[in-house]
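Q: Here is how the chains run, residue by residue.
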Amino acid sequence: MASINYALKEISCKIVYYGPGMCGKTTNLQYIHQHTAPDKRGNMVSLATPGERTLFFDFLPLEAAEIHGFRTKFQLYTVPGQVMYNSTRKLVLRGVDGVIFVCDSQWEKARENVESFRNLIDNLASYGYSLETTPYIVQYNKRDLPNIAPVEYLQYVVNPRQVPSLEAIAIEGGGVFESLNTICVRVLANLSRKQKAGVA
Amino acid sequence: MRKDFTAISAFSMAISSVAAVVLCLQIAQIKSAPEWQISGATAWVVEVAIFGTAIYAWRRGISLSGWILGIAGLVLVRLIVATTAAAGLMMAQNLRDFTEALNRTSTLGPRICSSLFALMVFYPLRLLLPLKAVRKADRGRFARSAAAMGSSSAAAAEGDPALLLVGGTETIAVWDTRARPAAAGGADRTSHPVVDLDGTIELPLRALLAQIPSDLWGESVSEYGESHPVPVPLDVILPQLKEARIAVRLGALHDWLPPGTMRSPLESDLEREAALVLLPLELIVPQLPPEALELPPPSPPSWARVHDSDAVLFATI
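Quick note, the sequences are listed as chains S and G, same order. Quick note, the working numbering runs 9 ahead of the 1-based positions in the first sequence. Quick note, the working numbering runs 25 ahead of the 1-based positions in the second sequence.
Since the hints were derived computationally from the structure, they do not count as laboratory data. Each residue gets a CB set at the ideal place from its N, CA and C atoms; glycine is no exception. Check before you lean on any hint, since a few could be wrong.
Sample of chain S residues with no beta-carbon within 12 Å of chain G, all distances over it, derived [as the list claims (entries may be wrong)]: (1) Ile13; (2) Leu17; (3) Met53; (4) Ser55; (5) Leu56; (6) Arg62; (7) Gln91; (8) Trp116; (9) Arg120; (10) Val123; (11) Thr142; (12) Tyr162; (13) Asn168; (14) Val194; (15) Lys203.
Chain S stretches covered by chain G per the calculated footprint, using a threshold of three residues with CB under 8 Å from any CB of chain G [claimed, not checked]: (16) 22 to 30; (17) 143 to 157.
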């Protein structure tokens, strides 16, 4: 859950990159880390296997523009995509403020996308969260590959709610910051709305 | 007869028909004011227009012959209701002249009643009206649009022109959240609409054979070309689309393939007949009619409502 420190004038939000294994969640974070001003980011913490599979999670603290005098910090996390690490995924989702669902656009991964999306819903539900109340967007990654499904179909299977969605080529940086900005705008707007309603 | 047309459909048709006749008869017995009398020709034009619109709305993608058939069916039901009501009126009021009775069931009140009920009676039958065949031109439509979207996306992303540099030495343009998302807004619904489409798509024989064990290949495989088209019914595909996996029983696949290209799974193993085979999604989706992937209109949750002025930035180098 987002925290607001009025003494330090700081807002801190948690964004989680979720999706099936090898869909490009860590690649998103790595690109952000490499292309962010050093004084506006912390170190990226990553625990991966030699085969570059995320073992636990990746973490990257990031600072955005000052908003109404408040320093805005985002903690970016990824989850391990492999099916067997569900307890870790669930753990990472605790206190989440926004989710970027990274979808692998390749045909052969279509089913895994659906399963991962359902897993996201289940894991959110275990904390009493839902996609109706938690801001999320969908990123269609790997759009540069030849064997990709059309966006219309991906939209149909993983984004029936038609929340904001973007195409991306994370390895080249295409759509990476756009996705981050899109979710952050919604997370902050949601936080602001909750503040006004006296919920947060 | 399609499986969607059930006993409940037939029952509701029967009930609606009886209600139509009874109500039409009751209304016809009420003496209507002269200003309520309308000319037969005008009324029929209006009714046919309503029927035509209803058929089109009920069955998107209907063929011209199906549309005409639907209107004809509605008119027929409407005439049966009015005629039966006229016959009832003759008996109820001891009228001698059937034309007079028919005229009384053709005034505005009975007309509206019989038209409305004709729509209700005919509604279950709409499933039987033929749709347009899937056009070859539609195939690849998605691939083209995806390619177009991908290229624009990649071009826009070049050099990250959309980001605001914070705390650095350079300032880049603020990203416009309105321009990029493939879809904005949101909906509380997670369910996919049930699309009801008839027809088939065609998959190449070789692609289907590649999905089954080679010991089930028949001796006549070589007689057919690799791309020999095999029709696969849409009603098998559409309900599974949202799963991103189209699976069919080996037995069903055997029925679709040309004779002699696949040995019956029953010959080797009873259980094998029920084994599932995955069909190639990448060959199926590009052939689907656009309405197969239609989603309900979005109604955004509260978090999705964002003002343009809420733009955020990140520091980039």
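Q: Now, for every hint given, state plainly whether the structure supports it.
A: Consistency of the hints with the structure:
1. Ile13: For Ile13 of chain S, whose nearest Cβ neighbour in chain G is about 16 Å away, the distance exceeds 12 Å, so it holds.
2. Leu17: holds, 17 Å
3. Met53: Met53 of chain S is indeed farther than 12 Å from all Cβ atoms of chain G, at 15 Å.
4. Ser55: holds, 19 Å
5. Leu56: holds, 24 Å
6. Arg62: About 22 Å separates Arg62 of chain S from the closest Cβ of chain G, which puts it past 12 Å; holds.
7. Gln91: holds, 19 Å
8. Trp116: Given a closest Cβ separation of 4 Å, the condition is violated.
9. Arg120: violated, 5 Å
10. Val123: Val123 of chain S is in fact no farther than 12 Å from some Cβ atom of chain G, at 5 Å.
11. Thr142: Nearest chain G Cβ is 7 Å from Thr142 of chain S, so the label is violated.
12. Tyr162: violated, 5 Å
13. Asn168: Its Cβ does come within 12 Å of chain G, the nearest being 7 Å, so this is violated.
14. Val194: At about 5 Å from chain G, Val194 of chain S fails to clear the 12 Å cut-off, so the statement is violated.
15. Lys203: Nearest chain G Cβ is 9 Å from Lys203 of chain S, so the label is violated.
16. 22 to 30: With 0 residues in contact (Cβ-Cβ under 8 Å with chain G), the coverage given for the region 22 to 30 of chain S is violated.
17. 143 to 157: It holds, with 8 qualifying residues against the three required.
In this structure, the hints that do not hold are numbers 8, 9, 10, 11, 12, 13, 14, 15 and 16, in rising order.
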